[in-house]
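Just so you know, the protein sequences line up as chains A and B, in that order.
Numbering of the first sequence is given in the working numbering, commencing with residue 1 and proceeding in unit increments.
Numbering of the second sequence is given in the working numbering, commencing with residue 1 and proceeding in unit increments.
A few of these clues could be false.
Claimed, not checked - Taking lysine to aspartate or glutamate pairs in the EDC-like style, the calculated list, with each CA pair at most 20 Å apart, reads: (1) B/Lys161 to B/Asp140; (2) A/Lys139 to A/Asp172; (3) B/Lys516 to A/Asp265; (4) B/Lys520 to A/Glu376; (5) B/Lys62 to B/Glu135; (6) A/Lys139 to B/Glu264; (7) B/Lys520 to A/Asp149.
No lab work stands behind these hints: they were computed from the structure.
These numbers were taken from a predicted model, which means no experiment stands behind them.
Here's the letter readout for the chains.
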Amino acid sequence: MPAVAPTPASAPPPPDYSNGALAVRLLKLTWQYKYLCLQVLFLQLLLLTLGLMGLNLTGVGIDYVRHAVDATVAAPNWPVWLPAPALDAPVMRGLWILAGAILILALMRSVLNYAYSVGLALLTQHRLVVELRARVYDKLQRLSFRFFDENATGSIINRCTSDAQNVRAFVDQVVIQIFIMLISLTVYVIYMVNISPALTLACLATMPLLWIRSVHFARQIRPAYVENRELMDQLVLSFTESIEGIGTIKGFALERQAAARFDVDNRRVAAQRHEIFRAVSLYSPTMDMLTQIGMIVLLGYGGWMAMEGEIPLGAGLVVFAGLLQQFSSQINTIATVADSIQLALTSARRVFEVLDAPIEVESPPDAQPLGKVRGEVTFENVSFSYKAEHAALAEVSFQVKPGELIAIAGATGSGKSVLMSLIPRFYDPGVGRVLLDGRDLRTLPLEELRRSIGLVFQENFLFSDTVAANIAFGNPDATPAQIERAAQIAAADKFIRELPQGYETMLGPLGANLSGGQRQRLAIARALLLDPAILLLDDPTAAVDPGTEHEIIDALERAVQGRTTFIVAHRLSTLRRANRILVLERGRLVQQGNHRELMEQPGPYRRAINIQGLDFESRQLLQNTRAPWSVRPSGAPIDPPTSDMPPLEGGAP
Amino acid sequence: MSFDLEWLRELFHRPPKPHPTVRHEYSLARGAPRGDRDEDDPHELSRTLNLAILRRLFRYTKPYAKKRNRLFVLVTIRSMQLPLLAWGVGAIIRGPVAGHNLHGLEWALIAYFALACFTDWTLYYRQLYALELGENVVRDLRMYLLEHLLTLPLSYFHRTKVGRVISRMTSDIEAVRLGVQNFLFVGLVQCGQMLSACVLMAMYSWKLFLVVLLTAPPAWALDRYFRGRLSHATRMMQESFSRVTASLAETVAGIRVTQSFGREAVNAGIFRRLAHDHSLYNLNFARQSGLFIPLLEVNSQFFISTVLLAGGYCAFHPQWNMPAGDLIVFFFLANQFFGPITVLGNQFAQALTALAGAERLFRMLDTPPEWQDTPDAQPLPPLQGRVEFRQVNFGYDPARPVLHNFSFVAEPGQTIALVGHTGSGKTSIINLLAKFYQAQSGEILFDGHEIKGVTSFSLRKQMGLVLQQSFLFTGTVADNIRLPRPTATDEEVMAVLRRLDCLDLIAALPQGLQTKVGEKGRGLSAGQQQLVCFARAMLADPRILILDEATSAIDTMTEARLQSALNRLLEGRTSFVVAHRLSTIRNASQVLVLDHGRLIERGTHNELLAQGGVYAGLYRQFASIAEGEEGPQP
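All chains should be modelled from the sequences, with the hints used to inform the complete structure.
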């Protein structure tokens, strides 16, 4: 199938995939979920406040005990929202109140925490990822084959799986995480400034350094990770080839070399990682050291303030120390956020590439129903090109009457497959029109059009499902009788019945294995299920060995009855059977006519038939071996059929 | 503006029970349930920490014992340092600060600083060694895996999906790496940290420590309860994800069929259900862990309030002899005790993934080869090239024999053409010749040496194979040709091509011999790939040549060129050809006609035609298709 996309005349400007543009698009995506995001953030705000209140209560508790034991210690700052114990109450009363309040706060926090994590999962996994995946998948299916030819299967699958997940990470690990950091820093700072602005400033002095170190680290480590991924890809490739090429490796006794090659790649990955490890291992100790310096400042300066009685020991110093620890863990996440941004941007690009890819062919909105198709196909001055400079088809015109068998001949790259793919409108011609029963394809409903055309490729994909379900692919509601009828026409009924579970036999990697000829016949049955008026056969015997080729030809003989059929063919027997042969050369229709007519005129067709060395050889062989047959008195002489138009299968009389 | 309150309802839902019809349906054709016979069925994998696997992983650290032992020392030191630092903060506040001792505070801060430096130094090496050890172990595992796979007979690869083998190398080994690097040693430090926090607390006040112990059973019970649920949730999540991936893979592979039948909408519906289904499992996982971690936190807050109560009570009653300042120390140590529980809880899922990966990996490493060269197998001496099959019986499944009492002799230098329908046993003969499989009975002799008595390596060194699907490795064309003899010079490679009379075809490539070959031969046409394989076999200069002729659509001109190359390749070697080309069959010294695993006719092309038997019929059929029963016009 074609490898490059046509460039429509009015091509939209290519989408902008700069980091800035991608970030804006991701933010817009996040905005669609703004209420859920706000709810999640609100929960986080509540959680932080409650946590702080609990921490404060612990500090108050320490001060309360110290004051009760030693009257010279200042009385605790009892929180205004908490009922204070009466002055004459026993000392334990105050502690009971505090302990109870801590527990209640903790319980509230755990409920909220639960709500937070479920809410976040709901937002990301349940909404965003499902929506994103469905959109990517839906789009993927409508893209032209070009996309599937250009991209490896693994890469396409990743766009719908891990890339969609990474894009999601932009919402919860970047946007939400940044907001959480901002909120928590604000809440903490407000609390700390309330106790002592000077001490807050002193403690937070090292924070900018932490920030710088984090950002620097993320920047330093990223190229190393990129390189590592490349080396890893190389390693996996080396491994994959050792497995896929195991026949070659074993056949040439190359096990040692394969192992040696893998060893080199393996060591390269490990060596490069060891370099990363040094940077990674150095990161957290330096971050921790900066935090510890903040702690020493707090203990020195704050300790002195506590001695002077400027701040309470518990609710001041102890709580400060606790907050500082939480602070530094927040800062630590900066490196993670930076990493997530990078990952999300890379993946976003791959996801948006799919979502932005133009759908080249769409059903017209005002399409009239197709009705009964007679099968008359007309090409009117059709030109088509993948790239502007190179025409894949140029000014092709012909008309095919219903029920005709048309063979298409030509060298590789002459435009045979392109011509075929214009009929089910996999592409639209750049110039000219393709008509079905006199109506331009572009005015017809796309799905109905394609369903009235049966297609058989060189190699046909069968789904891992039952034989019956594979035949009924085009119409899942087909009755068993319909399925069997299609199989009978395709000469597949007999071998299907011999399978272990007949029509219910599973196919695919886990099921029965079919021969090439059997697979082809199933594909023919699948194409016939909808009883299409038009049949397109793209060299259906190319991938089967000659021993089984006749099975397919048998099947085709019946399949083409009463249908307009286009067949790409090399075999003379097929070419001779065709009502008409279209000969293509570099995208141009250079000759048309039946075999006999074409052989009578000079041109590429006759030249091609004549230079088929194999045919020459085998013809000589036929002539050589005819003699011994004819002289054998008892053996029945086998005479080649002499009729002008032998049956397709051509076999024994 | 309407707030979306769906999540509020979701909060108190029971774990989702995905719709039964959705659960196993991921095939795109009609959505029939698909039998899951994958040996990776996660149900078979153990659900808890499997000590045998851990022990085995530990054994792989043996070559790095020095690093590993240092690491354990560092882990031990580090598990004491963190609680000590926390204790230090508490002790400084409780001691010099509470006691208004400015001078003492200075000294305490200096000591604290020194301890902090030491801690970070330890951290650096702890991390570095853990990362290096993990990578080294994993590097070895990767190598072991490949080496093991290379010892397995070909039948294993015919049975096993490539994707599964590759995911051992990628996802499973990576999971093991992360497990060793992140979980194992971090986990050990966390455990040690809890332990030393306990010791410090007990030293301070064993009475308050008893209160801590009170909170341990609920934490343990919570952990135990959620451990099972989380690992179950993880497994369900992974399973549903593999259904999503499988469905996607089919979509991509079958896109042409889908588009030509206009089935996009049906498929999109199936996929949306699968993706939605997967999100329910994700949600279930979030719900479980969202319950687990907050509950652990409640537990630690419960501890703090209890300490406050008990500590306060002691402080108020002097007969208990506990100063109020001890409360401060306990408050800081509590973090050291409860922090690790949360971290360990978080890491548990990752540890399970790592162990599951290790288990799958070990299972593959432990796959015994179905058969191996016998221990007394001798290297095969240089061959003349006489090959004999004596009464050979063979079946891939012994219950369903493919070859029956098969006997023939190939004299040195003969070309043997194998002819017959698909499934008649041609490929089986090739598989037996190359010792890819072993016959159930009968003898295969090379110059009189029984195949079972010779090493596979020495046999295949004298054998050249050109398989139906020519496999090219990434690299240059020259690299691919000199595969059997990497030391061959460019001149030798060119000489080989010249002998094949195909040098011009390769020279016509963009960079000639140095043209890059992409994955799966991308960049070369089918004919060029076939030619490279011929050259490869020619360079190996084997005594015995095995050739499974490709049938793919190589255009007629190239086919004619390859035919002459092929004839040169066959010269002077004992060759076995699964023949599809008429000329090969015609030139063969012997044609063996197979039918359902039996040798039904044997002789030269002309003899067999003269017999007018099965071969003559086959040949006529074949010739008529190729020739169209009519010669070209002049």
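Going down the list of hints, with the structure as the test:
As the CA atoms of B/Lys161 and B/Asp140 are separated by approximately 24 Å, the hinted pair breaks the 20 Å bound. Between the alpha carbons of A/Lys139 and A/Asp172 the distance comes to roughly 25 Å, so the proposed pair goes past 20 Å and is violated. In summary, the hint linking B/Lys516 to A/Asp265 is supported, as the alpha carbons are separated by about 19 Å, within the 20 Å threshold. For the suggested pair B/Lys520 and A/Glu376, the alpha carbons sit about 41 Å apart, so the restraint of at most 20 Å is broken.
This hinted pair checks out: B/Lys62 and B/Glu135 have alpha carbons roughly 14 Å apart, not beyond 20 Å. For the hint linking A/Lys139 to B/Glu264, the alpha-carbon distance of about 10 Å falls within 20 Å, and the restraint holds. Note on B/Lys520 and A/Asp149: the hinted pairing holds, with a Cα-Cα distance of about 14 Å set against a maximum of 20 Å.
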